[in-house]
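Enquirer: Each chain is listed here by its residues.
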Amino acid sequence: MKRWIFWFAGLILPGLMISCLDEVKLPIRNEKPRLVVEGQISSDRPPYFVRLTYSTSFGYDDSPAGPVPAPNATVSISDQTGRRVVLIPDGRPGHYRTVDTSFVGRVGNRYTLSVNLPDGQRFVSRPETLPAVPPIDSVYGVLTKTDNLSAPFVYAFYVDARDPAGETNYYRWTARAYSSKISTGVPCSLGSTSFCYFRCWVPVASQEFALFSDNATNGNPIRRQLVIRSPVYALGPHFVEVKQYGLTREAYQFLQRFREQQSRVGSIFDPLPAPIIGNIVNADRTDEYALGYFQAVGVTTRRLQNYGREAERPDLRSFLTSLPVPFGDCRRVFASEGAFDFTIPPPGF
Amino acid sequence: MRVSTLFCVLFFLLFISPAAAQRVTLSGTVMRSDTSLPVIGASLFVVQTGAGTVTDEEGRFSLSLPPGVYDIELSSVGYRRDREHIVVNQNRTVVFRLVSKTFELDEIQVRDRREDQNVRDVTMGLVQLDIRQLKKMPVVLGEPDILKVVTLQAGVSTAGEGAGGFNVRGGRTDQNLVLLDGAPLFNTSHLLGFYANVNADVVQEADLYKGTFPAQYGGRTASLLLINTRSGNREAWRLSGGVGPLSSRLVADGPITKNLTLLVGGRVAYPNYLLRAFPERSAARQSRAFFYDGTLRLQYTPNSQNTLSLTAYRSDDDFKFPGDTLYGWQSDVLSARWSSLLTPRLQFNLQALYSGYAFQVEGIRTFQEFWLQSYIRHREAKADVFYTVNDKLKVQAGANGILYQIQKGDVKSVGDQSTVNSQTLQPEYGREAGAYVQSEWKPRPYLTLQVGLRYSLFAQTGPFWLNRYESGLPRSPETLIDSAQISGNQVIQRYGGWEPRLGLRLQLAPSTAVKLNYSRMRQYVHLISNTTAITPVDFWKLSDPFVPGQVADQVSAGIFQNMKENTYELSVEGYYKTLQNLVEYRNGATLLLNPRLETDLLPAEGRAYGIELNLNKTKGRLTGQLSYSFARSLVAVQTPFSELQINDGNWFPSNFDRPHNLYVQTRLDLRNNWTFSTNFVYSTGIPATYPDGRYVFEEQPVVDFSRRNLDRVPDYHRLDVSFSKDTRVSRSQRRYSIWTFGIYNLYARRNPYSIFFTRTFQRTASYRLSVFGTLIPSLTYNFYF
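First to last, the sequence lines map onto chains A and B.
In terms of numbering that gives the first Met the number 0, the first sequence opens at residue 0 and continues consecutively.
In terms of numbering that gives the first Met the number 0, the second sequence opens at residue 0 and continues consecutively.
None of these hints come from the bench; they were simulated from the model.
Keeping only pairs whose Cα atoms sit at most 30 Å apart, straight-line, the calculated DSSO-like set for lysine-lysine is:
id, chain 1, residue 1, chain 2, residue 2
1, B, K616, B, K563
2, B, K411, B, K319
3, B, K616, B, K724
4, A, K144, A, K242
5, A, K24, B, K319
6, B, K411, A, K144
Bear in mind that the values here come from a model prediction, so they are computed numbers and not experimental data.
In isolation and in its complexed conformation, chain A is listed as follows (with noise of 0.2 Å):
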């Protein structure tokens, strides 16, 4: 019986069953280069930056080269009485900053970027009022454990924000943190018995993209709004700084959009695949978008030293003894993640 079952199966459902999910080479139709704005102004202190580059065709493989850069442009930010600073190039191509460090980011500004390309076309922000910002109450952080079989404990790094009532307010945090690696070091000189350079500070960049609208909780207090995760990797204390960011509607819609096209995965919750439209506009075709943003922004930044009484857990020691311990200096073993000598303190802190 179960063979008749199998011939009839094996005339008929290959067919219909398999649905087949191919990979296909499919042909892509180019448009011509558009200019990328990346850029910010905010109420820290200058330089601020804008960085230039041009789209490139599409293709499958990323491009080995990196982004194509727009040197060569006339970058300049101007506020609404008229004051102007001229931005000069960086070093790195496609990189310009300001120079005038009297010129200064002041929540209810109004700025506006202008790019003049070399091609003779000109680009032009639309104006972005700096917003305020409101102060971070905390930041504090929490031992997690994870599924993440490489990083299975982490610190959660959470902010908490008194978020003001009447007012609309959009947030984004980035945060940097710095953990710690261990290897077995190397003799301070030569025959010393103590060891240098076995312990050093590894920067975490953060994974999050962490944005936040009031629009459901407005008044209410922000709280635990997770902005990184800091691997642990040996016991040893945690330091991360934070910026939370006050931003415009505007730049708060474009991040969005832009967090949801990276997220796509082709699931049924997708939104369409789109073009994500910014702020920056042809002078004499304002129908024409540039790519990118450029954002006025109000910062608050906020460190913590955290340190953790993770030592008392079982479970994290036992998964920090059976890490190996590489051999050697540890700013050599863990050249390729930006490892640095412990003694020297962290940027900024």
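Starting from the structure of chain A, add chain B where the hints point.
Expert: Just chain B now, with coordinates in the frame of chain A:
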């Protein structure tokens, strides 16, 4: 003679019947000679006067004539022509019987209702499908399928294998009004489009109006597909059905009492037992598919003037691609009709209808378990009056009212680990009403005019929370001001307007006719559909303050020519359509479960035009149909905000723009009742949005999709063949069977169902999902007792 007198004389001659004597009415029914089932849409032509008419859904007709002796020619698709000689001196009721042409081998398959000398419907773009001929066509897995036949007509296309629904003249799937005994079907397919969800064995007739449709119908802007079920044999019980490797069907119909007939039919598909026989871990083993549908019809004819009928229909589907989501959908339809001949010239119809459609998705991926449901419910009451003024003029009038209830999305997370949040969108309520008057007038034998006017009105009602947004800015969740609570039954927004329907038919020569049509149609429910997802999840939405009703204006013209004594039928039809208030989507829109969906919708105007060429050979051993159409369907989004513009506000191809479509269908009759038939289908690929640039922002690579719908997926084409054997030994044999062996997709082309791009590690990859990876053979057994 003075001009005014001349005018009066002309008026008198043209409009007033020359016979001043009193007229009598000849009314009655046209029935099949073998089963006493009525013949719908049969035409009667009175040779002596040139008058004529067409039978209605109960097979009834009414002619107004001066007393005398007449020859009446009867004809209908699938029947032998008949000529009756009749004496009419007073009002008279008769029954005419037509002999079915099933037993003849030079059968006519699906073809346009063509005018010859009889009065025909002036509506162009009308295709009448003869159900009994479906059984020998190659279709998926050997099962006769109305939808497959519909999609092989010029001007009709689908979005691809596995996409439910069909598209007529570049229109969207939600712009087709599909009526099953008068009640709308919101979903027309099983298994994402492989099978139609109406069992062909219970269908008496299916009429597809591609262009304009009569003023009696409204609510959709592209086409009308009328499906009428059979009413059950009045003489004896009959059984018919079919068995196939993956699905089977059975229909039984017959008389319960002298005046009451019953038809019961069901279909079930059962591929799961075969899927489970596959090895573990194979794609087939992880798939699941099941459906059933059932139809029941009761018809009670207490006397020759009244008929009551009740139709009930239910269909249920479960489907799972190898992956992690299960899909299910159900349709429930109830239709009750009472039709009464008040006087020989006046008929009255009353209908009460219910149609409900629900759709579920169940996500079973770990940490993302959820259960999602959406539904639409439609309740309607309709009344129509048909009056035959004289043999040249018929008038029809009526009204209908609809109540809508829609749930756009309701998701619940399942289990404790799921990261999906539960959310329920608020339901939408609305009502629609329409009233119409229509007349068909034949002032000359060669000229028929159809003039109709419909007025429709829609109101969205509460209970509802109505969102208000800042003016002068694009609508977004961040510009929401507040939500006002509207109580139940209070009107939130109204739309409505006139819908004229005009048609003209001119007979230039015995085998040549020209038709012209103009119509305006309105639509107040819209299907919101994300066609870029790997599998589409659509839901319905009512018009509201942000989404006005759609309006379509269509003009069409066509020439019809029969050649070589009706062996060849040629038609050329051209059309031009403009649409207002189409629903289009913002860049990056999130459609599913969006509680503020209006922030992601944009109004658009549309334009569609095309030419359809159809050539049929209807006689001889080799018969077939060739149709080619060139059809464009374009959209332009209208918005005052430049950051919302799509493609810079220019016209761009809509999701259903398929410029070239070619269908070739042939049937060759071989010896011993064997038939060989082939289908070939070719369509240009549907538009898609591919990435067209790359850049870096905040150190992250970003793929840019700067233009919408300017690319196309690869073209669709396939070839199907089938052999079938009819076991009838003699023509009048009542019990017989038909075996069909067919191969679908003979050269195993992997036609794309969807194309999507994903980013993995350091590269982007594009994937094509094809539903049919290879050829599909099938063997089906159909029996008739």
